[in-house]
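> In terms of this note's numbering, the sequence shown is residues 1 to 345.
Hints may be right or wrong, so weigh each one.
Said to hold, decoys possible - Simulated pairs of lysine to aspartate or glutamate, EDC-like, Cα-Cα distance not exceeding 16 Å: (1) Lys-84 to Glu-166; (2) Lys-137 to Asp-159; (3) Lys-18 to Glu-117; (4) Lys-251 to Glu-117; (5) Lys-137 to Glu-185; (6) Lys-137 to Asp-187; (7) Lys-18 to Glu-142.
These are calculated hints, taken from the structure and not from any lab test. The structure displayed is predicted, hence computed values, not measured ones.
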Amino acid sequence: MNIDIYAFSRSGAALCDKIIEKVNIHNIEAFVPERYLDAAAHVKLRTDSLYISTEQSFKKKDCIIFIGATGIAVRAIAPFVKSKKTDPAVICMDEKGINVISLLSGHIGGANKLTLEIAEAVGGNPIITTATNINGKFAIDEWAHDHNLHITSLKRARDIAAHILENNKIGFYSDFNVCGSLPEEVDLNEKGIGFCVSLDSNISPFDNTLNLIPKIVSVGVGCRRGASFDAIYNAVKTVLSDCGISPLAIKSINSIELKKDEAGLIKAAEALEVPFNTYKEEKLNSIDGEFSHSEFVKFTAGVDTVCERAAVMGSKSMKLHIKKTVINSVTVAVAVDDYELDFEQ
1 MNIDIYAFSR SGAALCDKII EKVNIHNIEA FVPERYLDAA AHVKLRTDSL
51 YISTEQSFKK KDCIIFIGAT GIAVRAIAPF VKSKKTDPAV ICMDEKGINV
101 ISLLSGHIGG ANKLTLEIAE AVGGNPIITT ATNINGKFAI DEWAHDHNLH
151 ITSLKRARDI AAHILENNKI GFYSDFNVCG SLPEEVDLNE KGIGFCVSLD
201 SNISPFDNTL NLIPKIVSVG VGCRRGASFD AIYNAVKTVL SDCGISPLAI
251 KSINSIELKK DEAGLIKAAE ALEVPFNTYK EEKLNSIDGE FSHSEFVKFT
301 AGVDTVCERA AVMGSKSMKL HIKKTVINSV TVAVAVDDYE LDFEQ
């Protein structure tokens, strides 16, 4: 996680060092007022107001930690809180590290797990108030976050959490291999309410279905110079729709480096809210496998096929799922990562 820490006292600055040194699997930056710069080795000067600093952290970081009064943290984040889907994790702790409080985005943002991690590192008390956690119940949104699953409906996620807290069972369906024992809250015979893990968001195996979509689809795109956003966007969505894959499963749009400034591709990736990656022709040509071949593309771009090789390059599996499909002069190919679910992680 990328984390910003804000401390407001000499003891708080010293605690920043302890966190940075002991919780070193994360990328952490700590900021303090100028008068406390000499209190710790790893802290930096906070040059902006807390309001501006918090606003920037909300936009760019995965977690914000405030070392000080909870009131300071609440007032600092209040103008920027929008949605549990997008808000970063927020943690507040006192300057002695006695109490470590998961304040915001405990499940989806990962604040609860990080709170436990930091509390253990500094010898503090983790304070977590989410109902599923304090009752030792399966937390569907936290589990979804840990498995890189897109939650299609927060309302249905809340319905499932409420159902579990009333000591009821929930159903489960998956198109993917499942490792480990199922949580005791899950009953495969339950048909009323449950969650479904699939690339297809239209599957509804339960009366009340929460669809969880793994973000494991790498899309490769080739196009002529100046291809429009509409042509590219519609081609991608059409290819996926024809194969029963939700656009929510896309993790990246990929192409050749020649297309790094192609406005239509850049805009399509932005509309789909995924990264746009490009690769040099030598890198694309280095991939082994059976691919489509176009003499025209080979002559103009230096590779036999842009979309197929780019899709595979963006995937962990290095295997094509959908070969080159041409729609309105836009070529689209799809690779899907190997994926499995584990309830014991």
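> Against each hint, give a clear statement of whether it holds in the structure.
Here is what the structure says about each hint:
no., hint, verdict
1, Lys-84 to Glu-166, "23 Å, violated"
2, Lys-137 to Asp-159, "14 Å, holds"
3, Lys-18 to Glu-117, "13 Å, holds"
4, Lys-251 to Glu-117, "28 Å, violated"
5, Lys-137 to Glu-185, "8 Å, holds"
6, Lys-137 to Asp-187, "14 Å, holds"
7, Lys-18 to Glu-142, "27 Å, violated"
Of the numbered hints given earlier, the model fails hints 1, 4, 7; all others are met.
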